[in-house]
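Peer 1: Here is what each chain is made of, one letter per residue.
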Amino acid sequence: MRPVYMVSGGITKFAKAHPEMTFQLMVKKAYDYALADIGLMHREAVDVIDGVVASYFSDHFTRQLMAGIMVQDYLGLVPKPGHRVEGGGATGGICFQEAYKSVASGVMDVCLAYGFETMSHVNTWKGNEFIALASDVNFDYPVGGFYTGYYAMMVVRHMKEFGTKVEQMALVSVKNHINAYHNPYAQKREQLTVEDVRKSPMVAWPLTRLDVCVMSDGAAVALLASEEGIRKLEKASGTKLRPVRVSGIGRGTDSMRMADRPHGKVILLPHESAGDYRNLDYPGIHSFRAGRMATKLAYEMAGIKNPLEDIDFVELHDAFTSSEIQTYEDMGLCKYGEGGKFVEAGNPFLPNIDYGVKLKKKGTIPVNPSGGLMACGHPVGATGLMQAVFAFWQIQRSIKKHFGNDLLQVRDARRGAIHSHAGTGTYVTVSILEKA
Amino acid sequence: MKKEKEAIAIPETEEGTVLFKVPFPKDLKQLKDMSPIVTLQHYGINYIHSYGQDSPFFAGLANGRLLGTRCASCGYIHVTPKLHCQQCGGECEWMELPKEGRIHTFTVCYFGSEEFLKETPFMLVLVEFAGAKTLMLSRLLGVAPSSASIDLIGKKVRPRFKRNSKFKPTDLYFVLAE
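In order, the protein sequences belong to chains A and B.
Mapping of the first sequence onto our numbering: residues 1 to 436, in sequence order.
Mapping of the second sequence onto our numbering: residues 1001 to 1178, in sequence order.
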């Protein structure tokens, strides 16, 4: 495999609804932004881009099969190669990695990854039904299919197993919403307190409305290229690119039904030992084995031995505050069981932002400096690509240019991890981006 | 600091409006400033859905029996049935599960998917059985939603069955055993 770089990205602001645009135009706006950012005209882009990968999660939301090709023809990129990928909440992360493979394999020099979702086409509770159809429709969905309910059951077990507290979960919401306050791309920009989160209406005990991300319309694109691709793009645009290297990809899976998850041994990361987890049945339903597998593979490929030392920030799939805590553990930012204490101590907060909370170890490794899904929104097919764009801008140190302020710029960001997650932890991707 | 303003809003419904005519400008250049046209469109389907190799589970529920499967090769028990073993790939045999299990975890849903919204609040439970490492997702009845606490974990539960089966997993539910 040859080196792969991300060379540009764009996001169409995530919103409750974008009735003024069809999904084609939503992607087009993000695409236009990405082209403009590297000074590339449409005609030149059409000449240089070798193919595309399309990402959207739900045919139910779209009510249009083969929507991927409708975007591709709207962008003027037919008859070039293209295909759609689907893997629940991880669709965007999978799309990014498939574009990576297209370039790494030598099949393409320049590949466009684009994603979108149009969740406003049904009401919120019908939307929850569509999402719950991504659980076994023979055994799980008819029992009361509701993803917040599934995640609530997982965190209740996490609380039992490890003593995790609801106030620790609420801190994740406070952090991500306050980060998003400074991000013009975010759907929700609110200054919250732990009390606000706990007093918000209960959705599925113990998760309140502010422990759960919202539904969105939105789109995002990432442009990936080989070294040869970069030369072609620079020649076409007449500008010098500021590429970011994609140095690792990893993916993991687990059974669709949570009920089928076995109780075995922890998959260990390089900085852990079997002795850390002598009495832990793993993954049970408190942890995501797919997330751990994806992490292990991505870290191995990028040569990461200890994430706390080797990674500067993480953009991870915080569909629920509880799953952010679970994911700290899967990604080895702390040991299994320590996620609650990890956030309570302040480790995943940005060092320079005032959260109105006393934090002892503030800013060890900022997690979701953008505000994450919790506050930026979660138009499923776009989400994993949004993370890639934010991570790309962080490492480019261009947050100020794109956000209009540099409050969320992670100082000296050299290497970041992005994490995209489906179902109750069925498909998970982790990708590593770093300074070229 | 955040006010739940929605709580005092008048309920919104989706039915009622059909659009026949919209204003149209004389100058076509003004068309790009037009508001989007949003219409309500129905989409409904009846599926002919087979439970296939999992059918005996539902036949069991209709007869008041809770069935799982056990791998004939390695002995692994699938509390939620699978005809083929997820550990070794071997073919499984049907077996009756113990008459009593324990709460592995649970939740109370105060909201839900549209289909289940009218049933809220309801309790979901994952039940564990002695000797098995897999679980069963079901409803927990007879427990007050307000009594939700970690202390419910580990409590003994018993399966109960609907008298008139609907051939859905909700033909089964659990109640506290003590």
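Treat the hints loosely; a few may be bogus.
Calculated lysine to aspartate or glutamate pairs in the DMTMM-like style (CA-CA distance at most 20 Å, straight line) [unchecked claim]:
1) 1021(B) to 20(A)
2) 362(A) to 300(A)
3) 1133(B) to 1100(B)
4) 1082(B) to 161(A)
5) 1133(B) to 281(A)
6) 16(A) to 1114(B)
7) 29(A) to 1033(B)
8) 126(A) to 1012(B)
9) 16(A) to 1014(B)
10) 240(A) to 281(A)
11) 1168(B) to 1115(B)
12) 361(A) to 98(A)
13) 80(A) to 59(A)
14) 341(A) to 234(A)
15) 16(A) to 1091(B)
16) 126(A) to 1015(B)
17) 165(A) to 1151(B)
18) 361(A) to 281(A)
19) 126(A) to 1119(B)
20) 1133(B) to 50(A)
21) 1032(B) to 20(A)
22) 126(A) to 1114(B)
23) 1029(B) to 167(A)
24) 80(A) to 32(A)
25) 101(A) to 50(A)
26) 126(A) to 1014(B)
27) 1156(B) to 161(A)
28) 1032(B) to 32(A)
29) 160(A) to 1151(B)
30) 1133(B) to 310(A)
31) 1155(B) to 98(A)
32) 126(A) to 1115(B)
33) 1133(B) to 1178(B)
34) 1168(B) to 167(A)
35) 362(A) to 338(A)
Listed next, the stretches of chain B that the computed footprint assigns to chain A, with coverage defined by at least 3 CB atoms under 8 Å from CB atoms of chain A [unchecked claim]:
36) 1019 to 1029
37) 1071 to 1084
38) 1091 to 1101
39) 1142 to 1156
No lab work stands behind these hints: they were computed from the structure.
No residue lacks a Cβ here, since even glycine has one placed at the ideal position from N, Cα and C.
Peer 1: Next step is simple, just say for each hint if it's right about the structure.
Peer 2: A quick look at each hint next to the structure:
1. 1021(B) to 20(A): Satisfied, since the Cα-Cα distance of roughly 18 Å is no more than 20 Å.
2. 362(A) to 300(A): At roughly 28 Å apart (the allowed maximum being 20 Å), residue 300(A) and residue 362(A) break the hint.
3. 1133(B) to 1100(B): 15 Å, holds
4. 1082(B) to 161(A): 28 Å, violated
5. 1133(B) to 281(A): Within the cut-off at roughly 10 Å; holds.
6. 16(A) to 1114(B): With a Cα-Cα distance of about 18 Å, the restraint between residue 16(A) and residue 1114(B) holds, given a limit of 20 Å.
7. 29(A) to 1033(B): 17 Å, holds
8. 126(A) to 1012(B): 15 Å, holds
9. 16(A) to 1014(B): Measuring from Cα to Cα gives roughly 17 Å; hence the hint holds.
10. 240(A) to 281(A): 52 Å, violated
11. 1168(B) to 1115(B): Cα-Cα ~14 Å, so holds.
12. 361(A) to 98(A): Violated, at roughly 37 Å.
13. 80(A) to 59(A): Outside the cut-off at roughly 23 Å; violated.
14. 341(A) to 234(A): Distance of about 47 Å is beyond 20 Å: violated.
15. 16(A) to 1091(B): 48 Å, violated
16. 126(A) to 1015(B): 15 Å, holds
17. 165(A) to 1151(B): The given pair, whose Cα atoms are some 14 Å apart, holds under the 20 Å limit.
18. 361(A) to 281(A): Roughly 30 Å separates the two Cα atoms, so the pair is violated.
19. 126(A) to 1119(B): Between residue 126(A) and residue 1119(B) the Cα gap is close to 15 Å, so the pair holds against 20 Å.
20. 1133(B) to 50(A): 48 Å, violated
21. 1032(B) to 20(A): 10 Å, holds
22. 126(A) to 1114(B): 5 Å, holds
23. 1029(B) to 167(A): 55 Å, violated
24. 80(A) to 32(A): 18 Å, holds
25. 101(A) to 50(A): 13 Å, holds
26. 126(A) to 1014(B): The hint holds at about 12 Å.
27. 1156(B) to 161(A): Given that 20 Å is the threshold and the Cα spacing comes to 18 Å, the pair holds.
28. 1032(B) to 32(A): 18 Å, holds
29. 160(A) to 1151(B): Since the Cα atoms of residue 160(A) and residue 1151(B) sit roughly 9 Å apart, the hinted pair holds (cutoff 20 Å).
30. 1133(B) to 310(A): Answer violated: residue 1133(B) to residue 310(A) is near 36 Å, above 20 Å.
31. 1155(B) to 98(A): Measuring from Cα to Cα gives roughly 46 Å; hence the hint is violated.
32. 126(A) to 1115(B): 8 Å, holds
33. 1133(B) to 1178(B): 24 Å, violated
34. 1168(B) to 167(A): The hint is violated at about 37 Å.
35. 362(A) to 338(A): Cα-Cα ~16 Å, so holds.
36. 1019 to 1029: violated (count 0)
37. 1071 to 1084: holds (count 4)
38. 1091 to 1101: violated (count 0)
39. 1142 to 1156: This one holds; 4 residues, not fewer than the three required, reach chain A with a Cβ under 8 Å.
The structure fails to meet hints 2, 4, 10, 12, 13, 14, 15, 18, 20, 23, 30, 31, 33, 34, 36 and 38 from the earlier list, while all remaining hints are met.
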